[in-house]
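Student: Now for the letters of each chain:
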Amino acid sequence: MAPRIQNQIVSNSLLPYLSSSSTSSSFTSLSSRPRRSCRSFSSTVAPQTRLRNQMFLWLRQEAAELKHHTPGETNYLTSKAEAARGYVGDPRPFPQNIHYCSESILSEELRTEIYNRVVKQKKSVRAVSVELKVDMRRVAAVVRLVELEKRMKEQGKLLALPYARAIHEMVPTTPLRHYDPSTHEEINDLPVHRLTNPQIFYPVSESRQFNRVDAGRVFSAAPALEHEQAAKDAVDPSETISRITQNPSHIEVVGKGEDEHQVLQPADVRIPHPHMVASRREQALVPQERAQQIKIYQARLQKEEEADQERKRRSEERKEKQTQRVQPEDSRFEFRINDVVVSQETTGKDGRNARAPGRRYGVPSYDRKKGQVKIPTRVEV
Amino acid sequence: MRNRATQYLSKPKVRQSWSKWNLYNLVRFRIKNPMHRTHFQQKWDAKSASRAYHGEQVSEKQWARMFSPRIRSVVPMDHTGLARDDGSKWSAGRGQGHDDTMVDSRRWVKPMPFGQATYAPLERRLDVAVFRAMFASSARQARQFVIHGAVTVNGKKMRYPGYLLNPGDLFQVEPERVMFATGAPKDKYDRREMRVAQKQKEAAEEEEAAAEESKEEGKTKENQQEDLSPRDTLKVLLSQAKNIMSKDKDVLPAKRKQELRGFQKAVRRVLSRSESSTVLTDNLEAQFSELTLLLKAKKAENNTEKDTEKKSKPAASSTAAAEDTPEGGSKAASEADSEAQPGDKLSEAFRQAAENPEGEVDTSELTDEEFKVLRRALTQMRDNPIDHSKPYATPWRPRDYMNVFAMIPRYLEVHPKTCAAVYLRHPVVRPGSSEVPSPFSAATSELAFSWYLRRR
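Protein chains in written order, with full-length UniProt numbering: chain A, 1 to 381; chain B, 1 to 456.
Just chain A, with the same shape it has in the complex:
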């Protein structure tokens, strides 16, 4: 039997982060003893190709520093070359792809801060998003995830604590700064609309003010606004914006049948935080008074919130009106019955639209046919 070889790695990795508060440890590099064949009785040379030799040589020499991370720093393939050139920028994990950089994740403190502001201080998601410069969807997700963590702790389930610590050491994180909140990401992203893809040549007289609203109408092939209407909108642009954002179903519709679509709205309306534009306009009227500006912003946000709540309440009421609830006695279940609509709109032109339920004459169901994909398309909670 071959003599036992003391494994060097074990000695240091036993308690990796006792000395410091990190998972990394000072690993001694493997002593470069010659590789042995795994078949100890065989006298033939192990099948080491030239390429394999080169790879292991590379791993031992150049890639030695890639093996383990330094806490709080990224350790990507490009980082060494970039540092040598004196270029400090976004960390790019792939040397050939200059368009992808590893973006920072929320640090643990920032995550708890978001949760505290939303759940304990009862601030709205919108307000927290603007305060901490984090996307609204991310704020909502953080709240969900922290709730999940609490639930798991209550149930006594095991959390992946060392793993989480290692991830936060390897990936760049956005720290929490109370007085100067660092931007985690862009919060006012405007999605590029399908209608704006084609280039349109649209002659306009030089005397005319051709603004974003007009451009949107041109892109969606809607007739130009009446002069009176345009003048009315221009008087108070903030009011116009909030009118549209609060009643999105009232937007003018153009086109017929399949091509029916809403008129493309200007960017002021379509960004996630239109209230920021409006309050900015109002703040411009009192340029020197900081306290006044904050007050204006708060009032605008409050107004926006109330309108949001009202709209949500109304839509819920409407839904409630349409559902009939039946709870039989001594039953655990409550049946919610909605009326089925089978019409031209729901079945579509060819009658095959999935929105309309039930079997329809002349429309075969391919449900049981070979090759039909049965993967669920959504999971409802």
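Hints were generated in silico from the structure; no laboratory data involved. Treat the hints loosely; a few may be bogus.
[As the list claims (entries may be wrong)] List of simulated lysine-lysine pairs, DSS-like, C-alpha gap at most 25 Å:
1) 67(A) <-> 188(B)
2) 20(B) <-> 374(A)
3) 20(B) <-> 188(B)
Please arrange chain B on chain A, whose structure you already have, making use of the hints.
Tutor: Below, chain B without anything else, positioned relative to chain A:
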């Protein structure tokens, strides 16, 4: 499905994997020189190279159906700019703004790398998302986790790796699987330890069966264990904790492990003395809190004994030590309570040991540093314990070369502690950057994109 995602050295292909083979291939990956290739060949090369990375587990037919020439993009807007003007000055003059400065400022806007988002629809797949969230070491492994039922979507088990996530979906992988996937593998000594532990467990079970027949014998054994005085126990505990903490490289690994195991045993012994016997059977968390409570109690006693010189200093340091541990802050209140009335039997024994004026006592009186050492050892034991029943090397450490591939794209919000993530939105392209992690250059991706436009 056969796994074609093997790594070759002769014709390198980059895969969605964290293996060192893949790392080496990633470094030396080159696209063929386009000078000697026709345009069709260039497109073919780009497509085959990029498909080996993006959705290699998806058949070509299926991917061709998923492909969409319309790529989602996004422009960050500045709200102050929007408030300043209504856009009419951009259309003034001859439709390009009044003065040339506007045209110049437009020139600075970076172009959108649309080609990089060619494979964005694949990022919606559950298996790819699990890999991107760093819960698996390769897309293939992520796929296996999904198929084996270790992944839930919105709390329900989802066994389809091809499930397309919707914005707002929360997916979670079992933490044990994630620790296995991302942790360093066991070496042969660990595996041997595992077998030994297994055998010991089996032997213990047999003994238990025997013990049930004669319960009286068991009682005498317990009495024997009680013989060790609490002071000695504490001393042993501390010395073992010190040994664990020492960073000497000349301490043999086997020795160190023995120490750790002994420490674990000692902790169990101390806990079994205390009144609440349920703690022993509870999880490590409860054990830890119990032990810290006991230590705290003892320390408070010490402070009252000799409050002449350092009255405020140890208290401050003890609170600092409490904040050191993650749960320390929250437990401070309960610990303060215990400091007030340490009526516990064990702490009483500790106190007596401390009061004992014999020469041996000085060693059992613990300093702040010693307390800290003990506390850290306990925290370590709770968070990242040695457990040979686990399928990864314990205590857990990240696998080699993991940091090279460590990145979390913005369209996911990942919570590593619970191994859960939310798919926030579909990946998009911004001016100058793309959200789809891809190792290929813009030229390669654009060629691949034009391949799937089917105008070849």
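Student: Indicate, hint by hint, whether the structure satisfies it.
Tutor: Status of the hints after comparison with the structure:
no. : hint             : verdict
1   : 67(A) <-> 188(B) : holds (20 Å)
2   : 20(B) <-> 374(A) : violated (37 Å)
3   : 20(B) <-> 188(B) : holds (20 Å)
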